[in-house]
Every structure is written in structure tokens, then in C-alpha cells.
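K.L.:
Protein chains in written order, with full-length UniProt numbering: chain A, 1 to 1017; chain B, 1 to 1017.
Mixed in with the good hints there might be a few duds.
Which copy is meant is left open, so a pair is good if it fits within one copy or across any two.
BS3-like mimics (lysine-lysine), calculated; alpha carbons at most 30 Å apart, straight line [claimed, not checked]:
{"no.": "1", "residue 1": "K24", "residue 2": "K393"}
{"no.": "2", "residue 1": "K496", "residue 2": "K936"}
{"no.": "3", "residue 1": "K552", "residue 2": "K746"}
{"no.": "4", "residue 1": "K434", "residue 2": "K24"}
{"no.": "5", "residue 1": "K88", "residue 2": "K24"}
{"no.": "6", "residue 1": "K697", "residue 2": "K839"}
{"no.": "7", "residue 1": "K88", "residue 2": "K116"}
{"no.": "8", "residue 1": "K205", "residue 2": "K733"}
{"no.": "9", "residue 1": "K24", "residue 2": "K697"}
{"no.": "10", "residue 1": "K626", "residue 2": "K460"}
{"no.": "11", "residue 1": "K427", "residue 2": "K24"}
{"no.": "12", "residue 1": "K156", "residue 2": "K24"}
{"no.": "13", "residue 1": "K434", "residue 2": "K910"}
Simulated from the structure, these hints should not be mistaken for laboratory data.
There are 2 protein chains.
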Amino acid sequence: MGSEAALLLWVVMVAGVVVGGQSKFMVYNTSHTIVTGKLNVHLVPHTHDDVGWLKTVDQYYVGSNNSIQGACVQNVLDSLIPALLADKNRKFIYVEQAFFQRWWRDQSQAMQLVVKQLVSSGQLEFINGAMSMHDEAATHYIDMIDQTTLGHRFIKEEFNVTPRIGWQIDPFGHSAVQAYLLGAEVGFDSFFYGRIDYQDRAKRKNEKSLEVVWRGSKSLGSSSQIFAGAFPQNYEPPSGFYFEVNDASPVVQDDPDLFDYNVQERVDDFVAAAISQANITRTNHIMWTMGTDFKYQYAHTWFRQLDKLIHYVNLDGRVNALYSSPSIYTDAKYATNESWPLKTDDFFPYADRDNAYWTGYFTSRPALKRYVRIMSGYYLAARQLEFFKGRSKSTNTDSLGDALAIAQHHDAVTGTEKQHVANDYAKRLSIGYKEAEQLVSSSLACLVEPASRREKPTTKFQQCPLLNVSYCPASEVHLSEGKSLIVVIYNSLGWKREDVVRIPVFNEDVTVHDSEGNEIESQLVPLVDAYVSLRNYHVKAYLGHTPTQTPKYWLVFAVSIPPIGFSSYTISSAKKPGSSSSRSSVYTFNTSETSTVEVGQGNLKLTFSTEQEKLTNYVNSRSLVKETVKQSYGFYTGYNGSSDKVPQNSGAYIFRPNGTFLIKPEEVSSTIVRGPIIDEVHQHINSWIYQITRLHKGKEHVEVEYIVGPIPINDGTGKEVVTQITTAVDNNKRFYTDSNGRDFIKRIRDYRADWDLNVNQPVAGNYYPINLGIYMQDDKKEFSVLVDRSVGGSSILDGQIELMLHRRLLLDDSRGVAEALNETVCVLNDCKGLIIQGKLYFRIDPLGEGAKWRRSYGQEIYSPLLFAFCEQDSDNWINSHRPTFSGIDSSYSLPDNVAIITLQDLDGGKILLRLAHLYEIGEDKDLSVLTNVELKKLFPGKEISKVTETSLSANQERRLMEKKRLVWKVEGPSSENDDSKLSRGGPVDPAALVVELAPMEIRTFIIDLVPNLVSSV
Amino acid sequence: MGSEAALLLWVVMVAGVVVGGQSKFMVYNTSHTIVTGKLNVHLVPHTHDDVGWLKTVDQYYVGSNNSIQGACVQNVLDSLIPALLADKNRKFIYVEQAFFQRWWRDQSQAMQLVVKQLVSSGQLEFINGAMSMHDEAATHYIDMIDQTTLGHRFIKEEFNVTPRIGWQIDPFGHSAVQAYLLGAEVGFDSFFYGRIDYQDRAKRKNEKSLEVVWRGSKSLGSSSQIFAGAFPQNYEPPSGFYFEVNDASPVVQDDPDLFDYNVQERVDDFVAAAISQANITRTNHIMWTMGTDFKYQYAHTWFRQLDKLIHYVNLDGRVNALYSSPSIYTDAKYATNESWPLKTDDFFPYADRDNAYWTGYFTSRPALKRYVRIMSGYYLAARQLEFFKGRSKSTNTDSLGDALAIAQHHDAVTGTEKQHVANDYAKRLSIGYKEAEQLVSSSLACLVEPASRREKPTTKFQQCPLLNVSYCPASEVHLSEGKSLIVVIYNSLGWKREDVVRIPVFNEDVTVHDSEGNEIESQLVPLVDAYVSLRNYHVKAYLGHTPTQTPKYWLVFAVSIPPIGFSSYTISSAKKPGSSSSRSSVYTFNTSETSTVEVGQGNLKLTFSTEQEKLTNYVNSRSLVKETVKQSYGFYTGYNGSSDKVPQNSGAYIFRPNGTFLIKPEEVSSTIVRGPIIDEVHQHINSWIYQITRLHKGKEHVEVEYIVGPIPINDGTGKEVVTQITTAVDNNKRFYTDSNGRDFIKRIRDYRADWDLNVNQPVAGNYYPINLGIYMQDDKKEFSVLVDRSVGGSSILDGQIELMLHRRLLLDDSRGVAEALNETVCVLNDCKGLIIQGKLYFRIDPLGEGAKWRRSYGQEIYSPLLFAFCEQDSDNWINSHRPTFSGIDSSYSLPDNVAIITLQDLDGGKILLRLAHLYEIGEDKDLSVLTNVELKKLFPGKEISKVTETSLSANQERRLMEKKRLVWKVEGPSSENDDSKLSRGGPVDPAALVVELAPMEIRTFIIDLVPNLVSSV
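The task is simple: from the sequences and hints, build the whole structure.
P.N.:
As C-alpha cells, then:
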């Protein structure tokens, strides 16, 4: 007997059929649908299940560690199914796929069949459908796409459905990229969220403009707009309608034989709450989010009350209550043919009340943020190498993909989770990395072998994930013993790439040979004390041992790597004195000396004043930009609001400074390191800030490497450390920050486009999230700063860009995490405050010329070169192996304005390919144009049998998605909203297989390859 | 398709069958049964659902008022069924039928069928099976039997099963009557409980004597013994094994793909806890009570973990874990053939640690305790009248039975519930009373009519439930207008009864005529001011109005009522001066006068010294007892232990006195009221204690009526008011208190038979519950005090009996109720402390002669005469109606040592009859003997077609019950335990229909009557 029969019988059994007799079993009528002409209250049963926050994702799933928070997602899903089976009118939405997938794997086939039927009938609807409900401030758009794709494709594969609705109900502000890219481009019909600025919300409630049409991209305009709704408050039920096990809301007591019968009171409460919401909402449809964090532990408790409310409220008749979903609600809104206010840009920053700007989390846990970003780039590269090798069940990129997906959660990369949970995310990334690293090594091992040996490659590559603290056992070998070190350097970008690389070495006399065997120029830069202690402390902390030997030098050399490919470099001990690397000249001077020092071997030269706080000249002899630039450090003291009437401290979420303090560089020596490839200026800013300003031959930007921490707290106050770079650019309050590393959005200090801003936090209220960079301009120049992870930043003074690099706080900010953001690193039980090491990059260009650097170099920051090392006893490695490789046609290179953001081997001979135009409309005179990519050139030696363009999350055909897209009407004269001049790439001709990309366009394809036509790779 | 199929399918669906594939669905092996030679851990999933405590019974059922306590019994049962269906090895016990019946009525027929199947398969077992888990200290055995019967018969009727196990896991001490009467006599095979004295428990753990054979009755001995087990601690799971939704115990994380896999740790925890318990337990069977108060809100959360524990613990193999029940556990214990320590007497008083004697609740809420007792007697009488009239669906005694059943709960009559819950119990009793009152009135109306008019009786009887505060609208009529007042007085005892009754009247000149129309002697006693204010305040408080007129007198007259029948008395205005009632002589004297006053019109005379604190002589000229008796009042100040290391206040549960304070009578006037029928001595003890000492003509006991309250708290301390009656009886620390109004148990001050008592509370630790009375004796005399409700009492000094009458406390005693026991009565918003009015009765007899009074008068106190009033315009009421009636054969009367404790019309022509021998073995030389009752005489005019003797709770044939009774072995030489001299009544000859009753024996019968053979009644 099929499970359909079982399903049916259980429904009969539970919902019952009153056959008559003594039982006073009550049957509730819950079958109501929309009633035109009445106020329709859409009851949307839901649970909001954080993929980690106070507990880890697995703890939330199995319900362990309940002393921290009583929450068990397994309960939610376990209890949901019988509750839905009991009444076919009941509905539920489920959102977070990281949890759902865990649950799904635990189920019997019989249960899976039942659930499939519930999904197919619409009783259970997947909403949002990503692995996690990602943050929208500190996340990179590539990560957002990847983790959404993981969730969406699972849903498609298991249930053959595509989520229709965006549901970002908890993230702390909302990004333009979320609205247009992860909304419209995913094929969503609407997008709902809970948190917008309190001032904004007040105005929108007043003007009934909580629901809008949001056009998030200037470049894509109405072709990527979406219906978007902010809830009247949070994502919880109206007060008094919480029905979790043991909740205090009054249950509907409708048994006249028991005491406290209260049906009329509860109906009156319901109607009053509905009318109150109707008064701030357009159309006669309102949505009630019936649930909140980790609710429906026992789903029955909610549904029993909702059944009763629907039954009695509709008997009452004043309003119409129905089981609904965001999809049904969206369709109902659409059916009203209403016009909606237009919303552009984004909803940042978010404040939930005076002095409570959630702009601290843009920087919170900077190490975790950096780790996520490194893994993101690595995951992109690893999937390329996985494709070249062919996907394997055993060693693959799946764990890393899962770990990254979870890390995008709005309490993960945000830094707003408890410390043990942050550790859990890091652990997952580490495990995922380890597996991907193995895959990368073995893929490279295959690729370096000649075709004959490819099946059983012998090379064992090592990689160096701790290179950031100068630790690389693979390169730290004594080459004097006749050994060579082979470094295979992989470039995941679609362009040939010229870069300078750095590897720690023991030997003083080494030579570097390129893939052709030619000796190339190299430079030895001494490993300074600041780095040695960084290295030794963290190797001990993370690996449990202290390295016995310390490399004396960074070996620096320039490399050239083909697109989506690698080159190999051989490092060996110098055979003859003259052929070894140049040692850098090192000059140390005291800040008391009054003099200037110029550095830079190429077009860009910087002049440092040795006097503290003196200006630095920035001169580019090519672009003729000349500017005085001053960089400084400072900190804000974390506000202690514990004794205020409405207590508000600075904390993991909230940035609330209590005064600004400039850090004056201490009077200690600075060191100048010079050589043929790089020049560096080392400065001890103070005892806990070390900075290296670095110029590379052939590059026209300044690289600033900083080591910040441990932030001292012995004065009892938390501190939030910023760096300011000050120029004379006359930006008149205006600056630009990226949205999730993609579109730049204009910001104006102390101003909001959507309402008259009441400024109560002149610093915190002007902070914005930065993933790619920030820039400002005047009529001559533009000044850009790029970052290596998400940070918060602003321009608090004209000409100045400020970035928050690190935060260490001693108080909790009362948003639930209940822990002070006080990160430490421990060796055994000796813990000290977290030290952050990072880089930022800046450059000043003539007006109109900055975008090219921001976009192309930004992509290089996101996708750094990938190193794999192996030792070789003899010299002939290069001759016996394939020293260089490109995955694409050797004659081909992607246009400068395009990146392959996904190249992934799907199971079954299908390839997932995403191509991204990197420029916005009008950003660059040459590159902000329609461009194209020849697919055939991307897969040399393989035949493309089919190309299917899909939605961004690759779960439906783009064509069908466009066909069913709801076309929302926008308020106001159509001339104002006309964007018909904007274009998108046209259809892909199946013969030519050329993909057009308009500015900011990302196109996603599933490509069927005929395997191994010619085994050229 | 039958529900069996549905059941089967759901089991398949949930428990699943792994058909192979991607799912890693886990199937746990939970099929383990007992393994000989291993330690067997019997896991007993259970919930303990208080039938009212912090919330009312209905609030607990529907889950309202959750802000007080998150608890919803509906959830428990709703969630239980699918959890049991999911795995046929899972078991659950359900206890409290008040909840189960509420739930059952809500279920569909389909669900009822499923549940019946679960009960029949043993997965769901009813344990205890009474309506509530009654208290064992403040409850009367008749109430215990009634409420157990209600539950057991429902279970029998709906499920055809009989509960096998007593389960009194939470009551605060355990009574002998519970063990033998509500245990063995109900047919239970064992009896489990959680709370015994901490010193006792420590010793028993040490000696492995937590489990015993309990022989509760001296009279019935081993024929009524039961296997009885105290839990090692409370009734909760071992620490760390709580699995309620959101509980903090670590769940078994057995998914190796998730973090924090902990199977071995949890198995180790389990084994350690098992071994620890095994070390204090005989045999290799231990029971774990897997649940606690209101747990299994979502049963799945428990069963999921228990499944895993059973699976993995048994894989581990060190111990054997199994789903079990108290029945299975009992059978396993029995199968070991072990001998057990013998336990006699009871487990009172209960202390859970030093200075924490739960002896306060013996008296807490004395008004509720009295209300329950009044209703209990009324319920007994009302069911008799219901039987005479014939049971009706519309107006019956069911609500009162239900209300009384619930009121026996161990947080109801105990006084340990929150105030609003106490109000709820009172409200239920009041509603139940109202319905029963209507039934009683209409039954009496039928019975007073001649046979011809019986179908449509015209008489409208009124009753006076507020007679205790002198309020009786029915009697407060102006008889001068030619009206007569008819008082029908019903006697529910099986003996003819001579008593003195009191009715408030307006008129001064009234005469009283008996059923034969003869004028009888009567006396008018002035209604004193103390009563007038009591009356006016409480009528205003409870009825909302102030009576316009106040009766001046109590009309007092002696009555004689046939067994199980009534007589009618006519009160009319006196036709001629000489025939009216005697007015009492009233003499008031001041305490400053030095003189003595003698009162008493019969054998008993008391001499009061008018000087305060002077002794009173007690002289019985018949029995020649002469004694000096002193009665005094005092109070204990409630201990404030809030600043102690282990805080322990005196509170609703716990009596912890902080010093004793004698209340010295104030120097005010006392009043002597004398008359032909009663003499009274009125004394203002102080401004809040008023006392009347009353002697009735023809009675040889002293009746003391007290009005205590409001207890003053303006000094900021709570007080517990006691009265002491001091004699010269040389009792040498020994005294006797009843067990639930039935067997008397010897108490020895500062001593326990079962262990060496460490005395830390010399007063509170010597308190015992008293329901019927307390007595002491020396070699000449015995001094007995009977009470009108349950109270706490002791003999703290030799010769003295102390009773706690009232408690008003300002602090909570930290046992969960979280409220101070500070009862008030409010008129509008003006509240004052509760005033208690009550009676106690004392008598001094020659040694060996006290029992007869205690037993027979005790039964009269329990079953007071029932008054029904009607007005009559003419004199001929008696001629036109049946003025007197007896429900039994007019020639018959029950033996003096037997009471009918139940006579109840069951549906379907069956009668429930319970006959109780009232005497213990050896208690009275004449009455402690085998006696008999002629059933035929009890049902005159009806033919008995069948007599079936049943268990006490009338849910199984006694014969079958005896047949399957487990015979437990007792430790020690059999000579010590031999009680073969004890006897019980023999089988009932179906022809003779004579029931033999041995001392203390209660026999229960279902009697089939052939209806209306002769309509003699």
C-alpha cells in the first residue's frame, strides 16, 4: 500500500470524522481562502532558525546545549509533519536549508515521500531556500550566490520546486545586491524583511510605504526589480499570539464545559490587531508572521490555536483569517493591481532606536571575516581544479561549500555569535579547507604530470594556509642540500596575471627559475621581529608547537600566470654567487630625525616624512596624480550605557563610540626596506599597531599591511580601532561604498534619501559595510581604498576615509548574544587579545580612471594566487612535468570586464558556469559596455552539447523564470521611472555560443559537455 | 478501512523501514525485555500532572495561564499517542484521570479507538487511576475511596482494564490507609511513592530497605499488605536525563556527521547512574522514573532520547535498559522471590531536610478543609437520596463527585495551592453542591409526597449551606403571619439518631412539633454579637448583600431520625404562651470576679473558674470520670529563615515555629447561657478568638466552637494558632492519631519506630495529621478529641493535646507554591484575614471506653444531619405528607459498628454499596467483633437479583482480584509476622445475603436490583 493511503488515513485518524456519540470532538473549519472586500489576515506559520548564534548549527539541530538556549530544530521538523497531515489547510514555510538538509538525511524513505507530497501540495513551502539566511552587509555576493545555489539546487533536485520568495527577516539591514541579485535574479517574486531603520520605519508606516518596488541596481534597473516588504515590526506574531509550548499568550479556550471560556475575547484581540496593521498597509491584505526564533518545537501547539482562531474569527466575520504563505500573500498583493512606491539603493545602516546603530558588526570578528573571504576565493579556485580533475565522491569541495554557506549566516560572518559558535564556524571552514586542499593538491598533481602519468600522479603538493603568519613548512626547507622547491602558482581569474609573490625561506642564497627554466629576478626581504613573534605565537596556539627554526627572509619575485591556469617556479640554492636573489637594503631611522624618505621603484612614489604625523607625498609619474596623503590610527572607546535609562553599550552588533582618540605614533624607529621588486616602510605605530606600507614594482597602488592588537583593555574600556587616510579630495560629504562587493552606492554623510535624518550618532550613523572598497571623488581625482575582508567604514571628514579594523569590547550590547566581543588567542591557558593582520590598498586616480583598478585589482584581491609546493631532488622537474597550464583555450583570455565567478563540475557531466560583468553602467568609459565571452574557448578539447541559461541560483531555466515573473507597478509618472535605455545581453546563439554581458550582468549557465573529446588537459 | 490499518501504516511511516538509498535514517532497537543476570534498568516514561496547584485544573489542561507555569496536559496526551504509535516497544503510564477524562471527551472516535488499542496492548497503562493523586494526610478515607472509584470505574468501562499499581509519587508523606485500603484493598500489586523523611530515607538507602512489604492495618494484617517502594529520591529521572522540550540534559548525539558525537559519554553516564541506584536496591531491577511535573508536553523529545539510550546502552552491554512500567517492574521484583522488610504504621510526618517538616499543611487553609469535609458528608447523603429518587442525567451528584475528587488532590485539600487555585476548588465544590442540593431537594420532595403525588411533587425545599455563619433565609421567616416552617431532617447513617439541632429564627415565641405532631421541647439561644458580625460580613462577602434583618435566636431542639431516613419538624408561632420555646438564661460575669460556674444538664458537668487560666473541672456522674481540664490558646510565630544559609520559612507546606506564645485571655466578660437542652459558655479569648463551650442534654462530650481570626499580622509576623487541652492523663509521650479518619496509629513523641530520630524540630516534628481525632490514655482514662476537618496536632506535653486551628503566614516556604499563605476575605476591595469557625469535641472516658464515642460520634460528625426547609401556610402539612421515612426496612438498623459509606445508584439498575466496619481489632470489647449486615433489609420492597463483591474501587470482582494477588515474602522469622488470628468476613451466601464484616473491614458490592417490586418508598 502506498504512502498516499497512509497519509490519508492518518489525516482521517487525527482530524477525525465525528461519527456521533459521546465525544465532543471539535472540528474546526480552516478552509478559508481570500475574501475580496474583506480585510484578509494572512497567517503565515513559520520558524526562524539561526544557522548558529548562541549555539552552533549542530547544537541547534539536535537540541543540545539547551542551557544556553532551548532550541532544537529537529523537533520543529519532526513535529511539523504530523501537524500538517492533520489538516490539509494548514501551511508552513521552511527557510534554512542547512537545517532542512540535516533533517532530510535522517528521515526514512516513507517519511521522505510524505514530505514530498506536502511540498507538492503547497502545505509545506520552501521560502528563501538558501542554506542559511545570509547576512547582507558583511557577505560577498559570490558567497551569497553560492550558498543560495546550494540550497536551491537541493530543493530542485529533491522536490522539483523553486522557491518563489525572498525571506531575509532577521538580517540587520538590507542590501541592494540582495534585492536585485539574490532577489530578482534568483527569480523571486517578492522579498520580505524585518529590520529597517526605526526612523525610516516610522515614516513608512505613516505613509503606508513599508511595501515597495525595490530597484537595487542602477545598471540593471527595472529588469531586476522586486516587490519588497518590510514588516511593521520584527518578524514575530502580534503581541498575545505566541503559541509555543509554554508560551504565555492566552490560548483559545472554547470548551464551555471548562472554566475560563474566552472565545469572544480572543476574537476581539485578533480583530483589533488586524485593524491596527491594516491601518499602515496598502490593500486589504496583511500578513502575520506566526512564529519567531526556533518556534514550532511542537508545531501542534501553534496549529491548534491557529485552527481555532481561523474558525472563530471567520464565524465572527469582521475580518477574514486564513492559513497563507508569503507566496499566497504576494499573489494577493499582485492581484490588487496596486502601484507601489519605488525604492532604490539599500537599507543601511540599520538602527533600531536612538544611539543604536548596528554598524559595529560590519567589523566584528575581523579574523573570522578574513577567514571567510580567503576560503571564498579558495573555494572558487578549488572548484575550477575539481572540474579539471573530474568530480569525486570522496575528496571534493562539498564540505568547504557547506561550511562557507553556513558562515554566511547573519550571525556568522557578522561576528554576532557567541565565541564558541565563532569557533565552530572556523572549525567547519578548516575541515572544509582541508578536504578542498587535498583535492587541489591532487588536481594540480594530475595537471602537472604528462598525459601518460596522469592517472597515477606521483607529485605530493603541499600548501601553506598559515602563510598569513609567515608559516610555510613547505617552503621552509634547507635548499643547500641539493634540493629544489617547486612552486606551482594557480590563477583562478580569466586573465593572464602579473603579480609579485612572497615565500618565507631559510636560505640566503637562492635563485628562482620560471616555467621555461629561466632564472628570474628575486629579492630577499628580512622577516622582521614583529612577524617572527606573530608567527611563533600563532603556530604554537593553532598547531601546538613552536617551529624550531625561523626563516630569515621572504623571497619575493614577480610571476606571470596564464588565465585559469598555473605556472611553476623553481627555487634552489644559488649555484654561483651572482645569480642569487638580491638582498633588500634595510635602513632604520628614528622618528626624531627630521628628513624625508622616498620609496617606490616604478611610477608610484611615496615620500615619507620621518617626523611623526607629517604628511606623505603621493606621486604617480604616469597619471601625474600628486597628492598629500596622511594615514593615522585612532580608536573609539566603547560606550558604557549600562546606567542609562535605555541602556545601550557598544557591542558585537552596535557601534556606539564614547569619544575619539587619535593614536600618536610612538617615537621609535621606522625601517625602510628597499629592493628591485618591492619597497616597504615599516612603522611601529604603537606597541600594539605595526604597519608596513608596501610598493610593488609595476603596480600603481599602495599596499598597507597592518598588525593590530592585542587591543589593550587594562584601562577597563573596550576600544574600536580605526585607520584614517586623509587626502585633499574635496568630496563634499559624498562617498561610495560597495554593496556586497558588487555595485557601489553613493553615501552622503548625515543624510538619508528616504527620510529627514535625525542625527544622533554622527559617527556610527554614517558607517557603511565595505566588502570591496570605498572611494570618493571631486572634480579632478578619485581616491579609492580596497579591503581584504568586510569592514565598516565611512568618510567622517571631507577628504578622509575611515575604516574600522578591529574591535575589542567589554560589554554586551543587549541584542541577545549576551557576551562581550572580547576575542582572545590562547597558548595553553594563557590568553591574550586577538591580533589582526590585514591589508588595505589605496590609490588616487584622475577622475574617471579609478574604476578599472578597483574592479580588476579588487577581483585579484578576492582571488589571490594559489600556491602549491613540492620538493624536488633533481633539477629536471620542469622538463619531466607540465610546468604551465591554462584551462581555457591558449589563444583566449576573458575580457577585462568579465570574471568567471563559478566554474563547477555538477554531477552527471554538467558544468555550472557563471559569468559576471564587473562594471556598472557609466563606471569606466571603455569597460562599462556590452561585452562577450566565447564559451567554446572556455572548454578547449570538449564539445558543448547544450547550454541552458538559468536563474542565478541555477534551479530553473531563465526563460521560464522571466516568463512567470510578476510585473509590479510603480507609483508616480512613468517618465521618472523609465530605464528603457538599459540593456542586457541577448540570447545565446546555440551555434556561436557567445555570451553577451551588459554592465553588472551575471549570467548563469548549465553546460552539457561531451566528455573527453580530446584529452588535452 | 479499520483504524488498525491506519495504526499500522502510521507506525510504518514514522518508524520507517529502511529500504536503502541515501537516507541515513536510524532504526533503534528498543525491543529489549528483562535479562536475568544483568542489572535491569526499567525506564518508566511518565508525567506527573497536578490536578491544580499553581494553576487550576482546567488551566493546566488547556495550557492557559502559562506565565505562572508552562504546563498543558492536552499537549502531553496529544503528543503521546503518535509517539507510542511510532514504536510498539515504547510505553507510557498515565495517572491522573481528571485530566485524562477531559482529554478523552475531546477526542474523535477514531482516536479513541487508537488509544483503546494502545491500552489493550499495554503500551499505555493507567497507573493509580484515581481522578487525582490524592493527598494522604488531610483526606478522609471515604473521599479517597470515592475519587479512586470514579477513576477506576471510568477506566474499566471505557477500556475494560483495572490499574494494578498505586502511584502516589508526590504526596507529602504516606498513610497506612493508603497502603492497605487504597492499595491492597483496591487490588494493587504494589505502591510507589517519592517522599519519605530524609532521615528515614538515608537509613533505608543504607540498608536497601526503600522497598518493603507494607502492612498498614493492625486489624487486617497480611491480608491487606502490599509491596511498597520509596524512590531513592523524588520521582524524577537521574540527573542529566531530562528530555523535555528545551531541557538542558545532553541529548544523545549519535550522528557522526554532526559535531559533538557523544554516545559513549552518555552510555557511561547511564551506566554510572544505574550502578549507583543498584547499590541501594535489592535485586537486579531498578526503576527510573523518566519524567516529572507536566513533562512530555511533546512526548517525542523524551522517547527519541530513550530510544537511543536503550539502543546504545544495550549495545554497550554492561547493564540492560528497557522500556518498562511499574507493573512490569513489580512483576520482575516478584519473580526474584526475594523477601522484603516489613513496614507497619505510616510515613508521617515528612521532612525533606533539617527543620523542614511538612506538617504545616495538615492545617493550611482550614476553611477549604472544612468545606471539603462538609461536601464529603453531603455527597454521601445526596447519593442515598439520588438512589431513592432514581438517577437522572440532568440533575445528579456527578459534579459534586468530580469536584470532591479533584479537591482530594495533594495540592488541593492540603492547602498548598495558590490562592486563585484554592478559589477554583471552592467554586467547583460550590457548583457541584448547587446541583446536588437541587437533587436532594427534589428527592426529598418526592419522598415527602404520598405515593399518589410522587411523580409531580409540589414541595419546594430550601437548604442552608451558610448555616455555619448563622445564615438561613429558609428559616428566617416571620412565623407570626400564620406560617409554619417545615424542617425535614435527613440522617444518612444506618442507625436511628438522636441529636440536637439549631436553626436561626426571628420569632421569640415559637413551638416545635415532631413528625407525629407532638409539641417538643425547644430552647432559644440568643445570637451573640460575635455571630452577628460573622454572619453579616460573610453574607456580604459571598452573596454581595447585607441581610436586612438579623435573627435574634438559635432555636434549639432535640430530634430523633430513623436510619437512612428523615423526620419532619414543624416550627410555628406559639398559639399559647406556655407552649413556646424556653428562652435561655443568660448570665454574664467578669473575669475579675473570683467564682466558679457549673454548666451541664445531664451526666456531664463542667465547672469553669471565672478567673482566667484557672482549671476547669470535668465530671461525669455516670462514668465517674473526674478530671481537671484546662483549655488554652497560643500561637507559633512563623519562622523567617530568609537570611539563613539554607533558607527555610514556615509556609503553606512547612511548619517551622519561631517560639511559642500563649494567648492570655483578656479581662473581659464571659457569658453563660443555660437552658433545658444546651448550656453554653461564651468566652472572648482575645479580640480575634471567640469560643463557645457547649454541653448538650443527653450527650457526654464537650463541644468547643471556636471563631479564630483575622489573625493579626500588623507586627509583621505570620502566626499559627493552636489550642491546647490539658489534662492530668499520664500518657508518657504516647498518643494516637487516625489515619485518614480510619485506623488509629500510635505516636510517640520525639521517636520513630523505623530509625533513631534526630530531633531538630521538637514541635513541628511531632505533628501528625488528624482527620477524625486524637486521643491519649494512661492506665485509668482515655482522653479523646474529635475534629470537624483535618488539622495538624500532637501531644507536645504529657497530658496535653494540641491542635493547630488556623495559620496565617507572610512568607513562602520554597516548595514551589511561591505565595505566602495569607488568606483573606474581601467585601469589595476591603480584605481582612480569614476567620475560621469550627468545632472540636472532647471527652474523657474510663480506659477502654473511649472508642465507642470516637467511632460512633465520629461518624455523626462526618455525616451531619441534613436540613431541608419549606414554608407551609396551614397546619396540616404533616397530615398531607409523609413526615418520616427510612430507606431501609423499618424493623432494621445497622449494627453500631457498621456504616454504609456508599449507597449509590449506578447506571443500569445496579447499586454500589459499601459497608464499613468502624472498629479496629481490640478497640472495643463489644464492638471490635465480627458483625453482619442483612442486605435484604437494606432494600425493602426491592428484590436483589445479584450481589457481586468487588474490589474497594468497584472495578473488578473481589474473587478474581484475590486470585491474582501477588503474595510477597516478608523478611525475618515467620512467627514474628504471623497474623493468622486475624479474620475477615466470609463469602456472602447468595440466598441469605448476609454480609459479615470483620474489624476495619470494608466490603464493596455491586447489587443488581429488580426494580419496583413493591413501590414502598
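K.L.:
Could you run down the list of hints and mark each one as holding or not?
P.N.:
Status of the hints after comparison with the structure:
1. K24 / K393: between (57 Å within a copy, 17 Å between copies)
2. K496 / K936: within (18 Å within a copy, 114 Å between copies)
3. K552 / K746: Classified as neither: same-chain Cα gap 46 Å, cross-chain 93 Å, threshold 30 Å.
4. K434 / K24: between (62 Å within a copy, 24 Å between copies)
5. K88 / K24: Both, since 22 Å and 28 Å are each at most 30 Å.
6. K697 / K839: within (18 Å within a copy, 108 Å between copies)
7. K88 / K116: both (14 Å within a copy, 26 Å between copies)
8. K205 / K733: within (29 Å within a copy, 79 Å between copies)
9. K24 / K697: neither (86 Å within a copy, 56 Å between copies)
10. K626 / K460: Answer is neither; intra-copy 49 Å and inter-copy 112 Å both fail.
11. K427 / K24: between (55 Å within a copy, 24 Å between copies)
12. K156 / K24: Cα proximity of K156 and K24: across copies only (20 Å, versus 44 Å in one copy).
13. K434 / K910: within (25 Å within a copy, 80 Å between copies)
Violated hints, in rising order: 3, 9, 10; the structure is consistent with all others.
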